[in-house]
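Enquirer: Residue strings, one per chain:
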Amino acid sequence: MAAADVAQRFRDSLADLKASDLKDAQVMDVLKLAQQLTDTMQIFFSSLDKSICGEFAYIADYIARTRDEISKLRPNDIKEQRIPSAGKELEAVVGDTERATETIMSEAETILGADASDPDAYKAQVDEAMMRIIESCSFQDLSGQRVSKVVDSLKHVEKRVTRFAQAMGVHDANADDDEVLEEERRKKLHLNGPAIGGPEHDQGSIDELFESDLDQNSIDALFD
Amino acid sequence: MAVDTSMPVLIVDDYKTMLRIIRNLLKQIGFENVDEASDGTEAFEKMKKQRYGLVISDWNMEPMTGYELLKKVRADEAVKSTPFIMVTAESKTENVVAAKKAGVNNYIVKPFNAGTLKAKMTAVLGDF
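Taken in sequence, the protein lines are chains X and E.
First residue of the first sequence: 52, per this note's numbering; consecutive thereafter.
First residue of the second sequence: 19, per this note's numbering; consecutive thereafter.
It is possible that part of the hints are untrue.
To be verified - Calculated pairs, SDA-like style, for lysine to any residue (alpha carbon to alpha carbon, straight line, at most 20 angstroms):
#	chain 1	residue 1	chain 2	residue 2
1	E	128	X	139
2	E	128	X	245
3	E	89	X	139
4	E	128	X	256
5	E	128	X	260
6	X	139	X	191
7	E	110	X	256
Since the hints were derived computationally from the structure, they do not count as laboratory data.
All of these numbers come straight from a predicted model, not from anything done at the bench.
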């Protein structure tokens with residue numbers, strides 16, 4: 052491509068970028084501009100020094116590969132489809148669980164408050180309530196399927212992000228200030244949440260710990 | 019002297035279902051005068067207006083956690099002697115020790131049953 056043509060494409064891209072909104076420039080636009088810039092400069096410098104020309108060719112290839120990897124990451128699909136869909140599935144799980152719990156609690160409360168003076172009527176009432184409790188437990192099947200879909204989506208996102216990070220040699224930046232502050236707050240307030248696979252200590256272990264006479268040094272050591 | 023089961027009990031949890039479960043369990047073991055709060059802030063406001071014979075609180079709530087509520091209660095002259103039981107899914111050693119250090123009277127890990135609740139209430143309040 053002639054230098055004049057490349058320069059014209061570079062000017063056109065720059066004009067488009069300025070016309071859109073420089074404060075909100077899209078990564079792909081910037082990469083496109085950067086690629087055209089290196090193409091332009093490559094032609095200019097090739098007349099001066101062959102080694103510089105090679106360097107620019109390498110940079111141009113790298114930028115092209117970056118664009119390619121970003122496209123393969125499919126960030127719009129993740130942002131607009133995968134994550135919202137997973138969020139809706141989890142909201143549905145919460146809703147299904149709440150409705151089932153409401154039914155089970157109401158039926159249990161009805162049985163607890165039922166008049167047992169007539170055994171036959173009482174048994175019929177208990178049987179009906181038990182059937183409604185059993186029916187409402189079907190939420191578990193639906194919830195299981197919904198959670199599986201969420202897990203699949205997360206695995207899909209993980210696969211794409213991992214591939215992108217490996218291809219681009221990405222290293223983790225430091226967490227932003229808000230994340231650091233929230234992490235410190237959770238640590239200070241001992242907000243650990245439920246342990247996976249049941250409580251870290253069962254009630255018996257907690258009773259032993261609670262009733263033990265921990266001296267100050269032992270307590271302090273746990274907080275260091 | 020036996021515990022007066024008509025005394026007001028304040029239960030604190032941000033999940034309505036858990037409030038309902040604890041209310042039912044308390045009813046089963048004879049305590050029907052039960053009040054509810056959905057986090058530490060609401061609980062402390064209620065405690066400043068009414069004297070409770072027992073507080074049963076979850077740990078992980080927003081904006082004020084049960085742990086913060088416990089420390090606030092123990093630092094307030096008017097309510098500092100209120101018996102306080104933590105009922106929580108937080109089961110790490112550091113949580114139990116922190117709660118004990120802050121002045122909790124007993125500690126129940128979720129999930130729990132009426133027997134455990136009654137045993138801990140007896141340990142804190144005496145026989146009923």
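Enquirer: Are the hints correct? Go through all of them and say.
Expert: These are the hints, each one checked on the structure:
At most 20 angstroms may separate the alpha-carbon atoms for a hinted pair to count; residue 128 (chain E) and residue 139 (chain X) exceed this at roughly 28 angstroms. Distance check on the hinted pair: residue 128 (chain E) and residue 245 (chain X) sit about 9 angstroms apart at the alpha-carbon level, within 20 angstroms; holds. Using a Cα cut-off of 20 angstroms, the hinted pair residue 89 (chain E) and residue 139 (chain X) is violated, with the two alpha carbons roughly 38 angstroms apart. Our distance criterion of 20 angstroms between C-alpha atoms is met by residue 128 (chain E) and residue 256 (chain X), whose separation comes to about 13 angstroms.
The suggested pairing of residue 128 (chain E) with residue 260 (chain X) holds, with an alpha-carbon distance near 16 angstroms, which does not exceed 20 angstroms. With a C-alpha separation of about 17 angstroms, the suggested pair residue 139 (chain X) and residue 191 (chain X) falls inside the 20 angstroms cut-off, and the hint holds. Only pairs whose Cα atoms come within 20 angstroms are accepted, and residue 110 (chain E) paired with residue 256 (chain X) is accepted, the gap being roughly 10 angstroms.
In terms of the numbered hints stated before, the structure departs from hints 1, 3, listed from lowest to highest.
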